[in-house]
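Protein sequence lines, in the order shown, are assigned to chains A and B.
Residue numbering for the first sequence follows this note's numbering, beginning at 1 and increasing consecutively.
Residue numbering for the second sequence follows this note's numbering, beginning at 1 and increasing consecutively.
Hints in this document: simulated from the structure, not taken from any laboratory.
Please read all numbers here as calculations on a predicted model, not as lab measurements.
You can trust all of the hints, since none of them are fake.
In silico DSS-like cross-links for lysine-lysine, where the CA-CA straight-line distance does not exceed 25 Å:
{"#": "1", "chain 1": "A", "residue 1": "K42", "chain 2": "B", "residue 2": "K68"}
{"#": "2", "chain 1": "B", "residue 1": "K49", "chain 2": "A", "residue 2": "K42"}
{"#": "3", "chain 1": "A", "residue 1": "K42", "chain 2": "B", "residue 2": "K61"}
{"#": "4", "chain 1": "B", "residue 1": "K49", "chain 2": "A", "residue 2": "K57"}
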Amino acid sequence: EPEVTQTPSHQVTQMGQEVILRCVPISNHLYFYWYRQILGQKVEFLVSFYNNEISEKSEIFDDQFSVERPDGSNFTLKIRSTKLEDSAMYFCASSVDRGYYNEQFFGPGTRLTVL
Amino acid sequence: AQSVTQPDIHITVSEGASLELRCNYSYGATPYLFWYVQSPGQGLQLLLKYFSGDTLVQGIKGFEAEFKRSQSSFNLRKPSVHWSDAAEYFCAVGGSNNNDMRFGAGTRLTVKP
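Next up, chain B with everything else stripped away, as it sits in the complex (with noise of 0.2 Å):
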């Protein structure tokens, strides 16, 4: 079965940084990646996903993340972080046929002013 690892759990970035949130997966074949975050108090919300194609895939709120097949990753980038990303964001992979996604345990951001 597919699985997840966030090796971070928690990042601390200045106000204004670059961001970058790692995210490795297992999974055999062509995986469907996701990236959520969850602000305080608040649902997963869908940040960008990556299902074939351009392996560079641009999401909401300025957020951008790389599918290397080679390292079975999908990182998270976001050039610019702002007071408001601070929350906790979750990696997801999902099979092909069927609606099992896992996710990862999570990175807490936290962002200085």
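Here chain A stands alone, though its shape is the one from the complex (with noise of 0.2 Å):
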């Protein structure tokens, strides 16, 4: 069954320092997206892409932030110059389309500490 796949599964970097997050969706789906979650809080949405492009994003996504679809297969995202409060689990989604009618199929995350 195809599913989402993230590396590194668990990262470490220094205050300051950039850090880029690969997410490979499933093939054939066309939304993709970043979620964010705090050790102990609530999973938070952080952007949609779509094209090429973001479609939506939330207060979170500050520029220091971006995302890329480098090639066919990758969706990466990108924190510029980590802060501590970065620290968190990040989860890519994926869908065949927007809506809720279409599933987000989510992958296993990536553990990113921050010190």
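Two chains, two frames, a set of hints: combine them into the complex.
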């Protein structure tokens, strides 16, 4: 069964460093998403992406964040200058199309630790 | 904006016992409601969803949920819990015109032998 994959499973970085989190969505899916979950808190929507541009983004997704689909398979989330409060689990998801009728399939997550 | 509250952070039930996980939502219009499960080291898996129609929704793994508009609730139930149901459960609500799902904080389920 096709699944969303994410690498790495755990990333440790120093405050101020740039990180890139990678996701491979399901191959025939057109919409891609990033969510994050700070330890013990809610899963929060960050951004959705379609047709090589951001479709929607939350107030969390500020100028420090960017997303990209650099090739036909990868979908990346970049944090330019990490802060301590960026430590969280980051989930990638994909769906065939937009709208809630289309199930979002989630990856296993990347745990980001900022020291 | 829509929001979700899961009042129970952690629930422990015995194997074979019934289960109900609570979820309350806030949204001005008819909500899109979801329950996801997350097993350790796994991504979020959709258990069931409600968009409209029958307020009792059947999902995978023997789960069901009932939408009660008067109570703004969408509680998840299972008549007999199995040890493999131990996981984190998330309720989520979506608005009608965007992909911005809002999740609850999750309820961790422990199953006793």
